[in-house]
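Peer 1: Here are the chains, one letter per residue:
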Amino acid sequence: MFDTNKIREDFPILKRKVNGHPLIYFDNAATTQKPKQVIDAIDDFYEKHNANVHRAVHTLSQEASELYESAHEEIAGFIGAKGMEETVFVRGTTEAINLIAYSWGLRNLGKNDEIVVSLMEHHSNIVPWEIISKITGFEIKYADLNADGTLNYDSFESLISKRTRMVCVSQVSNVTGVVNDVKKIGKIAHEHGAMILVDGAQSVPHMPVNVKDIDVDFLAFSGHKMLGPTGIGVLYGKRDLLGKMEPFHGGGEMIRDVSFNPKVRRCSTTWNSLPWKFEAGTPNTEGAIGLAAAVRYLKRLGMENVRKHEQKLTEYSITRMLKSCNNVEIYGPRNASTKSGIVPFGMKGLSSHDIALFLDNYGIMVRSGFHCAQPLHEFMKLNSSARASFYVYNSVEEVDKFVDALKEIGELQ
Amino acid sequence: MTGIDDYIARIDGTCGKEKDVIVTFKYEKKNDAIQRILKRATLKKSIAGIVSELSYGSYSFRLYGSGKVILRGLESKEELNSLLGQLLL
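In order, the protein sequence lines correspond to chains A and B. For the first sequence, the working numbering gives the first residue as 1, with consecutive numbering after it. For the second sequence, the working numbering gives the first residue as 1, with consecutive numbering after it.
Treat the hints as calculated values from the structure; they're not laboratory data. The C-beta atom is built at its ideal place from N, Cα and C for all residues, glycine as well. A couple of the hints might just be wrong.
For the chain A half of the interface with chain B, some residues (derived, Cβ under 7 Å), not all of them [as the list claims (entries may be wrong)]: (1) Asn19; (2) His21; (3) Asn112; (4) Ser351; (5) His353; (6) Leu357; (7) Phe358; (8) Asp360; (9) Gly369; (10) Phe379; (11) Ser384; (12) Glu411.
With the rest of the complex left out, here is chain B (with noise of 0.2 Å):
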C-alpha cells in the first residue's frame, strides 16, 4: 500500500522565526507528486512553471518546479503528515 512515504525524501523544520518546513520529494517520484498535488489543490498563482502558489482548504503554500514543497502554520508533525496524506495519496 503506498503511503507519503513513498514520495518524500527529506522533511526539513526551517530555522527563522517562520519555522516552515519544507518536503522534498524523491526525484523519481517528483513529477507524480507535483501532479497529484496541483490537481487537488487550488491555484492560485504560478510563474513560469517554476513555482506555484496553492491553497487546499485553510492551508496555502508554494509548491516548486525542483520537488520542493514550503508549508506554513503547521502545529505538529501529525498535521503535517495528516495534510501531506490528503495531497498525495
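Here chain A stands alone, though its shape is the one from the complex (with noise of 0.2 Å):
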C-alpha cells in the first residue's frame, strides 16, 4: 500500500515551514527532496568509507570502489541495463546529452547528415546540439507538436529519413507533463538506420523505464529528480556503441596507459573499459552512493505505484483547479492518464511569477517562467507558464491547499 503519510516521514525537510505555513513542495520537477535514507547514505560513507576510488590497494579505498561500482551495478539494474558497462556516470542529464553529442556528434555528423529533435525538448537536448551543428555543418530538424503541447508523431516520421542519423526526444515533457511513445520513435528511427537519444530526466524518476522493453540507443536522466543528491546522472548506452565512441574529457581513471615516447616525445594513450572511459578524473562518489540509496527507496515504493499515486494526485488538481478557480487556465492535455505528475497553468491577467510569489506566501513551492524549455511555449504561444509537479510524498490534502490558495489569488484580478 502506498502510504504517503509514512513515506513524509522520511523526509526531514518536511517539517520545516515557510512563511509560517508547512511546506508544500511541488516543484518536483526541478529537484525533488531527499528522504533520510538518502541523507544518511551519504553521511555513512563520509565517516566509514571516505577515501578515492580505483586509486589504492588500502582498505578504505577499496570499499569506497566496491560502493561506487555496487552503485553503477544498482541503477543499471533499475534501468534493465546489461550491467555497469552500459551506465556512465556522468554530472546530470545535460552533461549525459553533452557526452553523446561531443563524443559522438563532433566525431560522426557532417554536411550531409541531419538529426531530428522535438520542438517539446528541455534546452539541454536542444543546445548542445545547435552548438555541434555549427562546427560540422549538420542539420538539426525540428519535429512539429499538436497544439495541445503533444508530440505530432506524423510530423515527426516525415522528418526522418536515409540521411537522419540521431533523433532525439524527451520520455516525458518537463513542462505539460505529456509521455511520448519513445518506443515508436525508436522503431522509426531503427528503420532508417539512426539512434534515438531519449532524455529521461523526467521520466525514469515517476514511472517504469527498461531500456530493453524501448529499445533506446542512448536514455539520460538526473539523480537530483529522483530523491538523489545534485551534481549525479546516468547515461545510458547500449555497450557497442558506447564502445565505439571516443571519450568525452580526458585525465585520470579514463585511461589504461600513457606512455611516452621519447623518439617523437609525445605521449600515447589507451582508453580504460567502460564505463571508465567516460569518468575521467576522480568521481563524484558520495553522489553515486546516494543515487543508489535513492533507488533503493524507489524500488521499495515500486515504480508502478509511484506512476498512480502521481497519476491519482495530477487528475484530483486538474479537476479541482478547473471546478475551484474559474480564470485559472491548464496548458496541454488535461487527461492525467497520459501525462506524468505535471501540470502547467496559468491565470488571466496574471504573470506566472505572481502566482508563484503568492503561493509562496502560504508556504507552496511552484515553478514559474519558462522552465528551460522556451521553443515549446513559444510555439504555444505562452509568455510563460506556473508549473506545480508532484512527487511520492505529495497528498491530496496539500493539493487542497494549493486550490485553496488559487482561488484567493484570483480576487487580484
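Combine the two chains into a complex, taking the hints into account.
Peer 2: Following this line, the structure appears as C-alpha cells:
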C-alpha cells in the first residue's frame, strides 16, 4: 500500500515551515527532496569509507570502490541495462546529452547528415546539438507539435530519412508532463538506420522505464530529480555504441596506459574499459552512493505505485483547479493517464511569477517561467507558465491547500 | 549612509517573455522595506495582507508580505536602482 503519511516521515525537510505555513513542495520537476535514507547513505560514506576510488590498494579505497561500483550496478538494474558497462555516471542529464553530442556528434555528424529533435525538448536537448551543428555543419530538423503541446508523430516520422543519424526526444515533457511513445519513435528511427537518444529526466523518476523494453540507444537522467543528490546523473548507452565512441573528457581513471615515446616526444594513450572510459577524474562518489540509496528507496515503493500515485494527484488537482478557480487555465492535455505528475497552468491577467510569489506566501513552492523550454512555450504561444509537479510525498490535502490559495489569487484580477 | 543594498538580498531577472524583475529584501529589513514602500506608493488593491498592488509614478508593481516585490517594464539596471532608491531611501 502507498502510504503517503509514512513516506513523508522519511523527508526531514517536510517538517519545516515557510512563511509561517507548512512546506508544500510542488516543484519536483525541478528537483526533489531527499529522504533520510539518502542523507544517511552519504553520511555513512564520509563517516566510514571515504577514499578515492580505483586509486589505491588500501582498505578504505577498496571499500569506496566497491560502493561506487555497486552503485553502477544498482542503477543498471533499475533501468534494465545489461550492467555497469552500460551505465556512465555524469553530472546530470545535461552533461549526459553533451557527452553524446561531443563524443559522438562532433566526430560522426557532417554536412550531409541530419538529426531530428522535437520542439518540446528542454534546452539541454537542443543547445548542445545547435553548438555542434555550427562546428560540423549537419542539419537539425525540428519536429512540430500538436496545438495542445503533444508530439505530432506524423511530423516526426516525415522528418526521419536516410540522412537522419540521431533522433532526440524526451520521454516526458518537463512542461506539459506529456508521456511520449519513445518505443514507437525508436522503432521508426532504427528502421531508417538512425539512433535514438531519450531525455529521461522526467520519466525515470516517475514511472517504470526499462531500456530493453523501449529499445533506446541512449537514455539520460538526473539523480536529483529522483530523490538523489545533485551533481550526479546517468548516461545509459548500448555497450557496443559506447564502446565505439571516443572519450568525452581526458584525464585520470579514463585511461589504461599513457606512455611517453622519447623518439617522437609524444604520449600515446589507450582507453580504460566501460564505463570508466567516460568517467575522467575523481568521480562524484558520494553522489553515486546517494543515488543508489535513492533507487533502493524507489524500488521499495515500486515504480508502478509511484506512477499511480502521481496520476491520482494530477487528476485530482486538474479537476479541482477547473472546478474551483474559474480564471485558471491548464496548458496541454488534461487527461492524467497520458501525463506524468506535472500540471502547467496560468491565470488570466497574471504572470506566472505573480502566481508563484503568491503561493510562496502560503509555503507552496511552484515553478514559474519557461522551465528551460522556451521553444515549447513559443509554440504554445505562452509568455511563461506556472507549474505544479508532484512526487511520492505529496498528498491530496496539499492539493486542496494549493487550490484554496489559487482561489484567493483570483481576487487580484 | 544608507543605500538600497542595505535593504536588498537579491535581485533576480525572471525567465519568460515578461522579463520581470523580482527584488527580495533582507529578512531583517523586510518589514521596514515594506512599510517604506507602502508609505510612498499608492495602494490600488490588497489581498489579506499577502499582496499589495501598488503604483508609483508611471510604475505599477506588486509587493508581497514575504518580502518580495515584482517589477515590470524596466529598461535598465540604472532605472531599477533609481526606482528602488525612490521607494526605499
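Peer 1: Against each hint, give a clear statement of whether it holds in the structure.
Peer 2: Here's how the hints hold up against the structure:
Below 7 Å, beta-carbon pairs count as interface contacts, and Asn19 (chain A) has one with chain B at about 5 Å; its hint therefore holds. Nearest Cβ of chain B to the Cβ of His21 (chain A): about 10 Å, over the 7 Å cut. The hint is violated. Violation of the interface hint for Asn112 (chain A) is found here, the shortest Cβ-Cβ separation to chain B being roughly 36 Å, above the 7 Å cut-off. A cut of 7 Å between beta carbons decides the hint on Ser351 (chain A): the least distance to chain B is about 5 Å, and the hint holds.
Taken as an interface hint, His353 (chain A) checks out: its beta carbon lies about 5 Å from the nearest beta carbon of chain B, inside 7 Å. At about 5 Å, the closest approach between the beta carbon of Leu357 (chain A) and any beta carbon in chain B falls short of 7 Å, and the interface hint on this residue holds. Interface restraint check: Phe358 (chain A) against chain B, minimum CB-CB distance 6 Å, threshold 7 Å, status holds. Taking 7 Å as the C-beta cut-off, the interface hint given for Asp360 (chain A) holds, the closest approach to chain B being about 6 Å.
Look at Gly369 (chain A): its Cβ gets to within about 4 Å of chain B, closer than 7 Å, so that hint holds up. The criterion of a C-beta within 7 Å of any C-beta in chain B is not met by Phe379 (chain A), whose closest approach is roughly 13 Å, and the hint is violated. With 7 Å as the threshold, the beta carbon of Ser384 (chain A) comes within range of chain B, its nearest partner Cβ sitting at about 3 Å, so the hint holds. Evaluation of the Glu411 (chain A) hint against chain B yields a held restraint, the C-beta minimum of about 5 Å falling below 7 Å.
This entry does not satisfy hints 2, 3 and 10, going by the numbered hints stated previously.
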